Amino acid sequence: MSLSPFEVDSASLVAEDEQSAEALDAIAGIEGRSPLRLALARLRSDRVAWLAAGMILLMVVLALIAPVLSSMTGHSPYNPDLVNGTDSFGQPYGPGQAGFLLGTDNVGRDILVRVAYGARISLLVGILSTLLATIGGTALGLVSGYYGGWIDALLARLMDAVLSFPYVLAAIVLAAVFGGSLPLTIGVIAFFSWAAIGRIVRGQTLSQKEKEYVEAARSIGAGSFRIMFVDILPNLIAPVIVLGTLLVPVAIVFEATLDYLGVGVGPPTPTWGNMLADDQGSAGFGAWWFWVFPSIALLITTLGFNLLGDSVRDALDPRTERLFAMRRKKVAAAGPDASAGAGTEPLSDGTEA
Amino acid sequence: MADTAAPVNPASDEPSLVAAPAEDHPLLRVENVVKHFPIKRGIFFKRQIGSVQAVEGVSLEVRRGETLGLVGETGCGKSTLARCITRLYPLTSGQVIFDGADISRLSARQLRTYRRRMQMIFQDPFGSLNPRRRVGSIIGDPLAIHGIADGGERKRRVQELMEVVGLNPEHYNRFPSEFSGGQRQRIGVARALALRPSLIVCDEPVSALDVSVQAQIINLLEDLQGEFNLTYVFIAHDLAVVEHVSDRVAVMYLGKIVELAETAELFGSPRHPYTAALLSASMVADPEKARSSHRVVLYGDVPSPINPPSGCRFHTRCPKAQPICSVDEPPLRVQAGDPAGHVTACHFPVAPGEQLVGAAPPISATATAFAAASPDISEGGGA
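Keeping their order, the protein sequence lines are chains D and R. Under our numbering, the first residue of the first sequence is numbered 773, with each subsequent residue one higher. Under our numbering, the first residue of the second sequence is numbered 14, with each subsequent residue one higher.
These are calculated hints, taken from the structure and not from any lab test. This one's a predicted model, so the numbers in the text were calculated from it and none came from an experiment. Treat each hint with caution, since some may be false.
[To be verified] Sample of chain D residues at the chain R side, in silico, Cβ under 8 Å:
| id | residue |
| --- | --- |
| 1 | 950 |
| 2 | 984 |
| 3 | 991 |
Ideal placement from N, C-alpha and C gives every residue a C-beta, glycine not left out.
This is chain D alone, in the form it adopts within the complex (with noise of 0.2 Å):
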């Protein structure tokens, strides 16, 4: 056979902006927009998620000025306070009233900084045991999916042995056995919630293992670990960020529940969930204010999360460009200048449909 079929410059494809060796050391290097930052493009083209990250940001702010607020007032979020905290007659002030803006609770502390106070515990507990429920989840899930076999069947039926775990129950008997405490609490939500994110990554990752590139990965000799975590784990970082994301706000109000019932952290720490309860008695004769502050701040802090989780899924769902592309176009009319940035261009998505 001849060879003129072939005869094509190998090098063709090669665009005339080749450079020379030299050249090359000074150029940086063009560099690709990696799936995660092209996400957090569109999230910054989302109204939604930048009013959701208010929310928390608001949250997080009250946290942080907790002790200053508690000392700029002099009013103190654990002690009782009955000569200062309450009126005359012994009744709690309410808001606004004697220097308390948001009034004072039966034992006359200042519900305003307790509630900061339980805004620390609330996202502590909410983002630490998101996380180590995130990372237990994610390893087993890889874990099980990759290796499969004994391991696998295993870890799957631990997975829906938790799921299916009436978790408050075991909870308020964990609770009587070792006795409410922070760690605990934060022990017990990443517990009954990294299945949720181990069956995920499971499914991914079984269908992951399945692609050509872990078999281009084993012929150049990549161990089961770095084919794990190096490999397989950046294609399944979508799904579990915003797994994650949506998580913290069910571990907050898990975390109220357990309080609310007194098995959680567990007075006199305040919390959301032990200030809803304490106030359950008073708010019979009118002091609403007991209990309406700490649930406007679950209701701000959840719903804060949430929306951003739901954000975040869009902006990471590549099936939602067509969307984005739409907001974009909306924004550019409005104004050039208002979209600074990423936001005008047409995003390209990093993943394949």
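Fit chain R to the given chain D structure using the hints.
Chain R only, in chain D's frame:
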């Protein structure tokens, strides 16, 4: 390719495929490799109810610096054989001897040293590159895994490799999705080259590409063979490509090699009826020749590798099949009148110049013989 290939001397070729002259032992020797995939059924207690006999006793050798083409239709076990050679699959039985060392029973850890010398280029330029990793780290992975180069040194070597395969080294930080199919295949080639292997198994490296890009990749592979003194096992189902790149060609059918010869010899005078049919089906660019060429039409489908036909596996579709074909399996041997390197597994090899008659399938002649052995296949073949 011819300029770099080891001088091919038919006289020095042993008639047997397995034995090799001591002074020049082949780079790769495959002996009786068998790969069965078990078929399991059951939820809790899985029991094996059968097996897909993907590769059934393949023996061949690959000499240093040559390109061995491997052709056959889809599902004949080419890719499985490739993965057995590179030990991506464990072998059911048989041996893979790489540069004198038996690697067929090595553990994953022991294999690592051999992985440096034996690489693979994959068919799918999309699936074989991790979509979430940058090109630089994909190509640099072999260097990282084998601890050859780190940091700036690794980056320098990766950019060198990118230049060698005709990629712009500035694109070091891009993602695979930002490249075209041909460029992606170049990335795959660069990754395979990173460890400076002596053998590269190319598993249909161009079949997923546009024809114009195919030529570029093939030329690239040829250039690299000269530059890095590479030996290729080149799998393809495009006969024109195989004819162009290969020094020798092996034809596979249903998990077995049916014919193996020097490229010109095989394409010039095919002896196995399957090879003849395969060659007659390939397109001829010259319309004059195309009109005069005789097309051998095979009837029926490829039988299932779960339950392959008895005797010669091709007998259900062979225009020359006789009763003995369904009973006695022909060994791979040099047929009368052929040069030493040309082996064919056939009882009734095609004579030079013989026109095969693609008549109705010869099922009736052998129906009783193999209907008993494989009822479902006789049904499929007779349809």
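Min Cβ distance, residue 991 of chain D to chain R: is it shorter than 8 Å? holds, 5 Å
Checking hints one by one. Is residue 984 of chain D an interface residue toward chain R, by the C-beta closer than 8 Å rule? At about 4 Å, which falls below the 8 Å cut-off, the nearest Cβ of chain R leaves the hint on residue 984 of chain D intact, so it holds.
At a threshold of 8 Å, is the proposed contact between residue 950 of chain D and chain R supported by beta-carbon distances? Because about 37 Å separates residue 950 of chain D from the closest Cβ in chain R, which is outside the 8 Å limit, the hint is violated.
Figure legend: structure checked against the earlier numbered hints; the only hint not met is number 1.
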